[in-house]
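Take the sequence shown: its position 32, counting from 1, is numbered 32 in the UniProt record's numbering, and each next residue is one higher.
Since the hints were derived computationally from the structure, they do not count as laboratory data. Remember, it's a predicted structure, so these values are computed and weren't measured experimentally. No residue lacks a Cβ here, since even glycine has one placed at the ideal position from N, Cα and C. Treat the hints with care, as some may be off.
Stated by the list, open to error - As a list, the in silico DSBU-like pairs of lysine-lysine whose alpha-carbon atoms are at most 30 Å apart:
#, residue 1, residue 2
1, K198, K9
2, K173, K7
3, K14, K2
4, K14, K173
5, K152, K114
6, K4, K161
7, K4, K173
8, K114, K4
9, K161, K198
10, K2, K152
11, K9, K152
12, K198, K114
13, K14, K115
14, K152, K115
15, K4, K14
16, K114, K161
Claimed, not checked - Derived DEER-like restraints, expressed as beta-carbon distance ranges:
#, residue 1, residue 2, range
17, N70, L160, 12 to 22 Å
18, F158, N98, 17 to 27 Å
19, L94, L3, 14 to 24 Å
20, P164, E17, 33 to 43 Å
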Amino acid sequence: MKLKEIKCKFQEVKGFENPNINLEQYITPPDIAASIIYTAHVRYDDIQNKNILDMCCGTGMLTYGISFFNPFHITCADVCMNALRGCRDNILNLNIENVSMLRMDFTRLPFSYKKFDVVFMNPPFGTKQAHADTRALESALYLSDTVYSLHKSSTRSFILKRFPSAEVIACIKYDLPSTYSFHKKKNVAIEVDLIRIKV
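Throw the hints in and build the complete structure from the sequences for me.
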């Protein structure tokens, strides 16, 4: 499947009905989600036959992309029940197979050490809860030796120092759509890094 085809398919994924600003809930833009999944599969062979966790899954944008490349199993985890309901609806409507769902706070992990082959996530950037992004990375690395994660480029030096095995594999323009009532602009562009950590 080509990158362009993946981007088109992502238009079918429904976003948040009532996003929670305290959880920094924004749907991952289809072009960014497609680039993450395509890169992980084509460049690193990190999806096919792998046991995968989509942490901070939201409504399942990354899960849908992961499902294109025959993973062994996908676990969708999020702390928000509304997000999980949206994820469930997308899973059913889009006929995604080999998926389980779990309500999970990434600061209180219910899984055993290194349970997953790969973790994918678009975590909170830490603008509402300080250091939520680094706590999410720490949890992901407890659960797997391979992690893909999005982080604000402005935090790059801190992330690379805190996680020596981290590598910036793409720098991306992230268009945050107008999602909340206090947003005055149609969208705001920020620079983000796609981080891959292989321990």
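> Which numbered hints turn out to be false for this structure?
Replying inline: Result: hints 6, 8, 17 and 18 break, sorted rising.
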